[in-house]
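A.B. asks: Residue numbers (the numbering used here), protein chains in the order written: chain A, 1 to 378; chain B, 1001 to 1296.
Just to be clear, a hint being listed does not mean it is correct.
[Unchecked claim] Derived Cβ-Cβ restraints for the label pairs, each shown as a range:
1) A:196 to B:1097: 44 to 54 Å
2) B:1074 to A:274: 18 to 28 Å
3) A:367 to B:1132: 39 to 49 Å
4) B:1129 to A:220: 52 to 62 Å
5) A:244 to B:1053: 31 to 41 Å
6) B:1186 to A:15: 41 to 51 Å
[What the hints assert, rightly or not] Dumping the calculated DSS-like pairs for lysine-lysine here, alpha-carbon to alpha-carbon at most 25 Å:
7) B:1287 to A:3
8) A:3 to B:1240
9) A:3 to B:1157
Derived by calculation from the structure, the hints in this document are not laboratory data.
Where a beta carbon is used, it is the ideal one built from N, C-alpha and C, also for glycine.
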Amino acid sequence: MSKATKTILWLVVTIIVIGGIWYGVSKKPTTPTTKEPIKIGYLAVLSGPAAQAWGFYGRDAAEMAVEEINAKGNIKLELILGDSAAKPEQGVTEFKKLNEINNPDVLIVDASGVGSAVAPMADQYKKPVIFGAVALKGITKQSDYLFRNFYLCDQSAPLLAEKAYTKLGIRKIAILSNKEPYAESCFNEFKSKFNSLGGELVTEEHFLMTDSDFRTQLAKIKNTNAEAIYIVGYENHLKEIVKEMKELKINKTLLSEMVLYAPVIRNEMVDNTNPPEVYMTVTNYYLGSEKANEFKNKFKEKYGKEPPYLAGYIYDTIYIIAKAAEISKIKNISLKEALKEVDLNGVSGYLKFNENRETISAMEFVKLNKDGSLKIIK
Amino acid sequence: MISAYLIHLLILICIYLILAISLQLAVGFTGLLNLGHIAFYCIGAYASALLALNGFPFWFCFLSAGILAMLFGFLLSIPTNKLKGDYLALATMGFSFVVYAVALNWTSLTRGPLGLPGIPKPNFHIPLTTYNLQLTTNFRFLLFTFVIALISYLIIKRIISSPFGKVLEATRDDELATRILGKNTFKMKSLALMISAFFAGISGSLYAHYITFIDPSSFTLLQLIPVLAIVIIGGMASLKGTILATIILVLLPEPLRFIGFPSSIVGPMRQIVYALILLLILIYKPKGFFGKIELE
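Bound conformation, chain B alone (with noise of 0.2 Å):
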């Protein structure tokens, strides 16, 4: 019988690779340093927690939560069409801030601060039969998320390897170029930021029904640290290095628990310590682990 503990961590893994995932095709592909990425989570786990709160199937919600993140990836696009670099990254980092702050100050809808308590579990009606799937047991959540998490990479693995993908890291290494070509680059950034955000919403929605509690401390930027250093650790442009770095990254703090630093120093030496085995590791791997390009 594998241990709660172990399909909880083998869950978050799985919710932390499509987050992942999804942002490796903005940053590694496109070459669109989002920092809004963890913005996207955010509208994805409150849109799904308020609709199923509100008696709305699961379903329904997972799904809603991709579209509405896709929706604003889309509106982020159009403003930020023209910057690159620093200044993208400035500005989708003002949008997950201005999420940030919707979430926490507009309490009649997400109620602030006190967070969204008892997130009901999925509960799945199979078409064409009289069944219902509960998912209220850890185990079958893990079989579910895994199997969202895998289609979620065959997906974005497939759209890299498509003639679309490739213009999208010809956008990513000389744009100018790109429209000389004749690519509407606008179009495909817009696609790509949608597409990332598409995922990034439905990793929101499987965290909130996870959990079953959410709060705006659990979306700052803070939080999009990690998933970045997922991407930068397991290598720009490679999918496979987004997955070794997650399953590692999401790992590596638990051996820290069980190490027994004395309590005046326990909080505080775990991060010292996780951020010294993160630096350990760029150092000795600058590129990360597959690396194909540059973080620019």
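Bound conformation, chain A alone (with noise of 0.2 Å):
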């Protein structure tokens, strides 16, 4: 075959993906009426380290919730899956195919880079986006159709640092945190606090996203005169670090989110002959809430696993949604508007969007008992 036609063979595989594109795109999107489902853009994570830890969780717990919604009868959803895999340009790119070839009625985003990206293209598309995995401060306020429902760092890591101040009595601290966003909006918020009542921050020792060992910054803590370690990041990382903490022989008392309390790593520290104290600040989801354990207890028959706090925000979320577009039929308003006027006791409590179309969960700070179980310290 000549260099010609070759050339000539590729232009023309090259000119039909981009027609095939074209033309998936120039096709109209439906215009929904009230017969039509109501459509869930999802832009979840689906791949990458960030999708082992929790983006599973959320998207096993967003089908769940759409099924049981379906299944009751009164409103009908529909769910359309997109992976950003946590990185801002694919999460943009991801963003506007779910917009333009799906046009769904509302999106879902998961993971704070990515909500970054894309909030500013929230005016542009006029669709109201809940954001789920994201912990960023002020996110919402870049437009009105902007909303978010997860707990937040700057609620939790101040409540961690002032009981840990004056109910504990700490005034030395250590802080174990992950190089990423949500890690990072935990350390500042908690540093800054216990900071500003006097405590001291002995050091500070960082890991990344990728990282599985961490002796060498656990044994630098160990020689501090630190009194107790803050660590914070995910579900694979709190693991190891527990099950180190315990080959070093570290006893220091243990502060963190609740993310510190997911079963496997709820197992490790009960498991231990000599544990240290530790202690959390969690949401209702943790505190044996009915609606909590009946959510934990179907997701473990459905999916054979016990699901973190962050599978029951999506699940809650996809109730909001469902909740408002109810809302939207009966009051003839817009879904964006009705998600305002939403109220759900979901199984991460009592949620209802403020001012600033943000969630504000009730927060307890407890104490891990030997048993595995938590006790509230007011």
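Reconstruct the complex from the two isolated chains, following the hints.
C.D. replies: This is how it looks when you write it as structure tokens:
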């Protein structure tokens, strides 16, 4: 085959690929009517390290919620999944594709980096966007179309710092945190509050998303005079940290966000002959609420694993959307306005969007008992 | 009316094209296996973003991105001058790790993992007029990016067809012989790395002002893999191959988004299919589409 022929062939292939995409995107989206299902575009994290840590749980919870709501028959929902891999560029591509091709009525976006990248586009597409696993402060202020249903680091971390200082009398602390947006937010809030109370940050150590060995950082912390360690990261990190703390015989008091109470880590902490004291801030999800327990049992039955709190938030978000769809139909208002009127007793507690369109979950300061249960410290 | 999704893809093609042809200049035409290219992209993006967020005009941010990246290109060329092949690759890879670590940990400057949100879209003042050209719509940004990509391509094409370009290729093929003929190969390699870094820097600036948010996760070594794949699949020392490969590799994942994979495997499945297609291309065309030399 001559060079020219090969060039022409490849050009033809390229034109066909571009043409195919053009055809796909130029199909006019159907105008939604009241008979059609409410389309939810869920920009989840379905690949990369974050997918294993929490992304898949969000997807599973969303699918379970949609199934339950559709089975009841009042409102029909359709879930359309997209994968951002927690990367801003891929998130933007997928966000545009969801809006242009699938034309959802509402979107859910996970991952702080992706949230920051897509937030400026909310006004362009004029569809409500609800941030799931997004921890960044003030992200909803950019547009009236932005909502968030997730716990806030600037609520939980300062509470933890304050209780550690006032209730536990801790004055010197070491911090071990992941270098990624969620952990960095919590780290900044905790450090700021603890310092403002007069506490001393003895040392701060960090690790990367892909790290799986923390002995170097833990050994450094062990040799300091810190009375407690504040650790923040994902499940897979915290599990290894707790294991290595046992190995290195580090008995300093442990402070963390509620991700530490995930079942795989909880078992590791309980199975320790000389465990350190462990304190966390948690929402209703881990405080034995009936709704939360019912959700956890259903999830475990369906997927064979206990869901972490993030799954509870996504599950609640789907129910919030369903309730908003009902309000929108009854009052003949837009879905965006209806979302502002929703209040829900969800698995994460009582949820209602405030003036910044964020839900605020009630949080408690708790201690982990030897048997794995939690005790509220007032 | 061209869909915003298609415009987005075309913008990405233009940005990746500039990044890829600049890497082609270093790898394909000069024989410098530079695995630190993504670091120049990162430096350009952060420089442009930080200047823009502090109120500097876009044209200044854009050019500064290229110039700062070029400066780092020069600094990198000094310690790596005597290195070749795998050793050069390792050294430049180390440089990309250093730049990533700085972006991640110098939180007072870069905000670390929280990234830099709210990077403004380009806004030019046209000289000798009172008119401001605002690239606030994606279509205008596409036109601008296309013009920059075209200019970049023409400049690099001019460089490689010039006597300087011939010396670069001679250095790639046999550095010792080139030196014996009286050419200062260190200077040639430095200049090639600097020019390559300049264009990587300006593509970083375009990326930052388009996505309007950057964080260190967009500039890890893993992000170099698609760019290196474009250079290899397009064919070493071939600019037209690079153009074709950029179009194909940027567009390749898109049809996969429309395939209805089950939700339990959608993310990993797309990555597997993408990787398989790349492998097939390399099996069928081991030198790439228009490759003139082997990657050694």
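A.B. asks: Each hint: holds or not?
C.D. replies: Evaluated hints:
{"no.": "1", "hint": "A:196 to B:1097: 44 to 54 Å", "in the structure": "violated, 35 Å"}
{"no.": "2", "hint": "B:1074 to A:274: 18 to 28 Å", "in the structure": "violated, 57 Å"}
{"no.": "3", "hint": "A:367 to B:1132: 39 to 49 Å", "in the structure": "violated, 60 Å"}
{"no.": "4", "hint": "B:1129 to A:220: 52 to 62 Å", "in the structure": "holds, 60 Å"}
{"no.": "5", "hint": "A:244 to B:1053: 31 to 41 Å", "in the structure": "holds, 39 Å"}
{"no.": "6", "hint": "B:1186 to A:15: 41 to 51 Å", "in the structure": "holds, 45 Å"}
{"no.": "7", "hint": "B:1287 to A:3", "in the structure": "holds, 14 Å"}
{"no.": "8", "hint": "A:3 to B:1240", "in the structure": "holds, 13 Å"}
{"no.": "9", "hint": "A:3 to B:1157", "in the structure": "holds, 21 Å"}
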